[in-house]
Amino acid sequence: MRRELCEALVARSARPDLVFLTGDLGFGALEPLRDALGPRFLNAGIAEQNMIGVAAGLASEGLEPWTYTIAPFCYARAFEQIRNDVCFHRLKVRLLGNGGGYAYGVMGPTHHALEDYGVLATLPGLRIFVPAFDGDVAAVVEAAGAEPGPAYVRLGRGEVPEGREAPAYTPWRRLRAGHGPVVVAVGPIAGIAWSAFACDGEDGPDVWAVSELPLAMSPPPRDFTERLSGRTLCVVEEHVAQGGLGQALAAWCLEGGVPLWGFRTVTAAGYPSGTYGSQAFHRRESGLDAASLRERLTA
Amino acid sequence: MARRGHTLRAGSRPHGAIAAPAPHVAPAPLAPGLLTLARWRLLAMHRDAGVGHVGGNLSALDAMMLVHHEMLGASDRFVLSKGHAAGALYVTLWSRGLIAEADLATFHADGTRLPGHPPARGLPGIRFGTGSLGHGLPLAGGLALAARLQGRDGRVFCLTSDGEWQEGSTFEALIFCAHQRLANLTILIDYNRLQGFGTTEEVASLDPIGRVLAGFDVEIREADGHDLAAMRRALTPGTDRPVVVVLHTVKGHGVPALEGRLDSHYLPLTEDQVREAMLGVTGSPPTRESA
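Which chain is which? The protein sequence lines are S and V, in order. Numbers 1 to 299, taken from my numbering, label the letters of the first sequence in order. Numbers 1 to 291, taken from my numbering, label the letters of the second sequence in order.
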């Protein structure tokens, strides 16, 4: 989604308040943005805590800072800056985390982001965006830019099933309809869940993509909740179970008295074999590939 | 003369906005009597609240008062990175009429707007909540950069402790500010050489900090942090790079029983210590009018 991100921010670069700070990332991708922004594009160096503190300072003066780095170097390395400097002050800092989930593949676990939105969802007023498809990025940049408080964007690699076209971006959207289980997936893994059931008929599952969290800020739409009664809800996430959407939705269903038939989750299992590989490899190990999802969610 | 009678404004403000900047009071020389009064008020506030941290407040108070009374105009900013000197900041803002006497009386009490470290929102004259060390300098760097990008004049002052230079984020920020040549930034270091559980030299020495930081592309100055004239000279604007002013201070300054003592970092004041400090300053309490 880096190319789409760059295009969206270049389109937005005419806004005089936009400032872009990168933690020394962007080679081969963000040069057009650097050229468009001039002095408002800053390579803040390999110093993420400072970068986010600086961004908070910029935002407090009415500027529109966007920070960019590999996701864990943002939410994990600089968590206290996000909490204290950005969220406690409700400042409009946009945090871009590249490589959501296992997207950095064989680069290894230091570069994976398996607990980002669970951790960040604990912070006050922070809206989380997880675009599911590359075509979502422009709308997400616009939405994050318009957000009145802080925002975190988890970027990844979108995959639309062959021969299909992703519906226009909304925080919650249905990718396919069916009378079977209701499958909810967060961000790009929704494309995998969609492809798992793309050829099913009416008896197959409903598949939904969720791209904004937490539930308190982006609750499920009515046409989703109306479909849950008497059905099995399955939540699919490239994120650990703890703090994920599955837990939040389970609590939400219990509190709302939603009469589910069943409830299942498929989440990131970490590194069960102790070996490393591509994003697809790690997804398979967690049962997050299309074949495994089909088996687990319809058995 | 400080103005009295201002009440604290309500805490809410628009989502994503910062509290209105402090009303601009035309800089005027800081009267020594007002400084004494502020020290007394700080001591009384800590005594009444029964809380410690007074040592690092007393070492920083003179610089904070000087900057706020003589140097901060409407376009200037102050960031207290050593948030545990909140009491000195509250008293300084009180001396400028931005915090009411009635609010000082609530310091540390349930329901107060004045907690032990500056809150993030809701107090005029306080732009950022701080307390976890190592946050102030990145924030100040952002303010200084913002002024440059927006084509605004205005200086940014950031008061750090000496111990917080053990935080990596402070050095991240120093590297950034020096590289960006943020000449509108002045970094003050309260060099009292005592931290929470030992001297800075014993714990993780950067002493002498001025010499250590001279390796960065900043302008290093040194001054007695309890000598107003010396600080005025040291706090003049920089030329083409950030200025770092090492303020040689005494922890617990003005309270003989606490001066230079490690326990002044934590222990609350006793009545005898407060009385001794007050008598030791002038022998009789000054009045507002004399200040």
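Hint data in this document are derived by calculation from the structure and do not stem from the laboratory. Check the hints yourself; a few may be wrong.
A few chain V residues facing chain S, derived, Cβ under 10 Å [as the list claims (entries may be wrong)]:
no. : residue
1   : Arg77
2   : Ala146
3   : Gln150
Reference listing, derived: stretches of chain V covered by chain S, where coverage requires no fewer than 3 residues with Cβ under 8 Å from a Cβ of chain S [unchecked claim]:
no. : stretch
4   : 120-127
5   : 196-204
Examples of chain V residues toward chain S, derived with CB under 8 Å [unchecked claim]:
no. : residue
6   : Ser132
7   : His135
8   : Pro138
9   : Leu139
10  : Ala140
11  : Gly142
12  : Leu143
13  : Leu145
14  : Gly151
15  : Ile175
16  : Phe176
17  : Val274
Everything numeric in this text was worked out from a predicted model, so none of it was measured. Backbone N, C-alpha and C fix where the C-beta goes; we use that ideal spot for every residue, glycine too.
Quiz prompt | Hint check, alanine 146 (chain V) versus chain S [nearest Cβ-Cβ separation less than 10 Å] | solution = Status holds, d = 4 Å.
Quiz item: Can leucine 139 (chain V) be said to touch chain S, with a Cβ gap under 8 Å?
Solution: 5 Å, holds
Practice problem: Using 8 Å as the Cβ threshold, decide whether proline 138 (chain V) counts as touching chain S. | Solution: Proline 138 (chain V) check passes; min Cβ-Cβ to chain S is 3 Å, inside 8 Å.
Quiz item: Are leucine 143 (chain V) and chain S close enough, Cβ to Cβ, to be under 8 Å, as the hint says?
Solution: Holds - the Cβ of leucine 143 (chain V) comes within 8 Å of chain S, reaching about 5 Å at its closest.
Quiz item: Against chain S, is leucine 145 (chain V) within 8 Å by beta-carbon distance?
Solution: 6 Å, holds
Quiz item: With 10 Å as the cut and Cβ atoms as the points, is arginine 77 (chain V) at the interface with chain S?
Solution: 9 Å, holds
Exercise. With a cut-off of 8 Å on the beta carbons, see whether alanine 140 (chain V) makes it to chain S.
Key: Where the cut-off is 8 Å and the nearest Cβ of chain S is about 7 Å from alanine 140 (chain V), the hint holds.
Quiz prompt | Given hint histidine 135 (chain V) near chain S, where the shortest CB pair must fall under 8 Å | solution = At 6 Å from the nearest chain S Cβ, histidine 135 (chain V) passes the 8 Å test, so the hint holds.
Quiz item: Does serine 132 (chain V) pass the interface hint, meaning its C-beta sits closer than 8 Å to a C-beta of chain S?
Solution: Result: holds, 6 Å to nearest chain S Cβ.
Quiz item: If you look at each residue in the stretch 120-127 of chain V, do at least three have a Cβ nearer than 8 Å to any Cβ of chain S?
Solution: This one holds; 3 residues, not fewer than the three required, reach chain S with a Cβ under 8 Å.
Self-check item: Coverage claim, chain S over the stretch 196-204 of chain V, checked by counting residues with Cβ within 8 Å (three needed)
Solution: violated (count 0)
Quiz item: For the hint on glycine 151 (chain V), does the least C-beta distance to chain S fall short of 8 Å?
Solution: 11 Å, violated
The structure fails hints 5, 14 and 17 (numbered hints given earlier, in ascending order).
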